[in-house]
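There are 2 protein chains.
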Amino acid sequence: MKNKIQQLFTIAYPIIQGGMVWNSGWRLASAVSNSGGLGLIGAGSLKPEVLKEHIVKAKRATSQPFGVNVPIFSPYAEEQINVIISSGVKVVFTSAGSPNTYTSLLKSHGILVAHVVSSVKFALKAELAGVDAVVAEGFEAGGHNGREETTTFCLIPDVASRVNIPLIAAGGIATGEGILAAMTLGADGVQLGSRFAATEEASSHPNFKQLIVDAKEGDTELRLKQLAPVRLLKNSFYKQIAALEAQGASVEKLKDALGKGRAMKGMFEGDLIEGELEIGQISSLISSILPVKVVFEQLLEEYRLAVQLYETEKYRF
Amino acid sequence: MKNKIQQLFTIAYPIIQGGMVWNSGWRLASAVSNSGGLGLIGAGSLKPEVLKEHIVKAKRATSQPFGVNVPIFSPYAEEQINVIISSGVKVVFTSAGSPNTYTSLLKSHGILVAHVVSSVKFALKAELAGVDAVVAEGFEAGGHNGREETTTFCLIPDVASRVNIPLIAAGGIATGEGILAAMTLGADGVQLGSRFAATEEASSHPNFKQLIVDAKEGDTELRLKQLAPVRLLKNSFYKQIAALEAQGASVEKLKDALGKGRAMKGMFEGDLIEGELEIGQISSLISSILPVKVVFEQLLEEYRLAVQLYETEKYRF
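First to last, the protein sequences are chains A and B.
The opening residue of the first sequence carries number 4 in the numbering used here; numbering runs sequentially from there.
The opening residue of the second sequence carries number 4 in the numbering used here; numbering runs sequentially from there.
If you are wondering where the hints come from, they were derived from the structure by calculation, not from laboratory data.
Bear in mind that the values here come from a model prediction, so they are computed numbers and not experimental data.
Don't take each hint at face value.
No copy labels: a pair is met if it fits in one copy or bridges any two.
[To be verified] In silico lysine to any residue, SDA-like type, Cα no more than 20 Å apart, as pairs:
| no. | residue 1 | residue 2 |
| --- | --- | --- |
| 1 | Lys263 | Arg63 |
| 2 | Lys60 | Arg30 |
| 3 | Lys228 | Ala252 |
| 4 | Lys258 | Val59 |
| 5 | Lys7 | Arg319 |
In isolation and in its complexed conformation, chain A is listed as follows (with noise of 0.2 Å):
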């Protein structure tokens, strides 16, 4: 007896690490794997012969199942599927573009593929183009994130009345009691990036890490509608994008300011000042840096208990 994300990836918990750029290499997509989860590597900040540098060290570091996130929209993400195929990678999440762009060569090569959205009709789109199960991504999550600004709570059960391939939940979720609502709005699976952003394994800078942390409610916020919609803690170079934003700016000026680099800076180089940082509003709910597998314990511990409160008054009416 399993469920579908079980079934499908052949892991032990249906929980997915989110690929994140410069925060899930190889050291944490397998840690997770190890744990009983599905780990992703997270393709958007490597190169693609720094892609199979990883894909070859999770293989050593794992014999269960991992995979790889590729941003679709980036100008390697040819040469990263190519990576991907001809490593024998067997799972691929892909996200910020079309589903249509590589589906179908990924399954002609036995590939499992999983495509991330953030609306009901992406969602459609997906299905349609022939994943294997859709991500419904919601306004709250970290990173890059979709127009609609529909919420996780909002988002799962729409697209779960919708599509028949599994769901995977994401946005909003660090604890067990979130696994528990996110499959009671209809998700077959979940998948958490921030909490596992918040560990030892993780790839991100210590400075990075303790500020995931830190971070309270209200600390983040979706900027950069006009290019791509992106939620950041609110540090000093987010300030600077708020003001401009408030101002009207164009993109062009929007995109001087972005730059290049402004992610590896704040993420990978721990810079907290000029940096991009990108994290969920649940950063509010993480207050450890833990290994990944004590981080299981306590996401099965949590989910667990949660179950067994149906039996209290609380819930009797």
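Use these hints to put chain B onto chain A, whose structure you have.
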């Protein structure tokens, strides 16, 4: 055996109907209370003498507890509070202002007070002010909303872990599964707005009710953040505002564009072009205008089915 919200308000189900301008008069509030929930008259759109009439009519229409929602920023708030006290209403929900303004006065008259908040900070402030319960309302909620943009999925567990008073979740809830998910995240009860706006008993215009039913995912957006953030359906009026905001329009220009009486025009008079149409994201999940009694039957059936599903393999890991 009752949960905290059932005990506090002496109601059969911990389901509260949000007080909504132009939608929730005595007819809706009494129908909700007669169905076992807590109905609220939305005072925001009612002058004090009209509010008094609604209270008298609600008392005739139900022997069950009902309440009044009072937006504190309203120029009529003080008079409304006096009407409430002199009419013997036993429950008040305050919103859009400081919980310190009226809580002591109301409690000195034996009135139960709940306060609506959009952040952890304001939840703590409300608890300190001595309210009996706090309503934590997420970004996805319709109408006026907080500046933090924290979603229900992130806000509820955070507030639940910080306050000791009963917690009511609002924003994005329109189904039994949604009720169960909100409680899983830490709420003791729920407040539903949009679902009750699309009922036969709501006082809003049939044109507006039909638009709620027709709304799809992505059809609302939080706008007018420089004035007071409000979630709107994307009609012609919304487009005017969105265009002005994209140009970096001043507060004065936005106030001019908004003018007076837009909400009445849209929701009460049914002008779907020039009116301000306030509704939640979860309108995407509402597909019929129903009598309140039937809404309750559906919510309770969905809730109970959702609880039963925890016995199935989907949830076992």
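Taking the hints in turn, this is what the structure says about them:
{"no.": "1", "hint": "Lys263 x Arg63", "verdict": "neither (33 Å within a copy, 67 Å between copies)"}
{"no.": "2", "hint": "Lys60 x Arg30", "verdict": "within (8 Å within a copy, 66 Å between copies)"}
{"no.": "3", "hint": "Lys228 x Ala252", "verdict": "both (12 Å within a copy, 17 Å between copies)"}
{"no.": "4", "hint": "Lys258 x Val59", "verdict": "neither (35 Å within a copy, 59 Å between copies)"}
{"no.": "5", "hint": "Lys7 x Arg319", "verdict": "between (29 Å within a copy, 12 Å between copies)"}
In summary, the numbered hints that this structure violates are 1 and 4.
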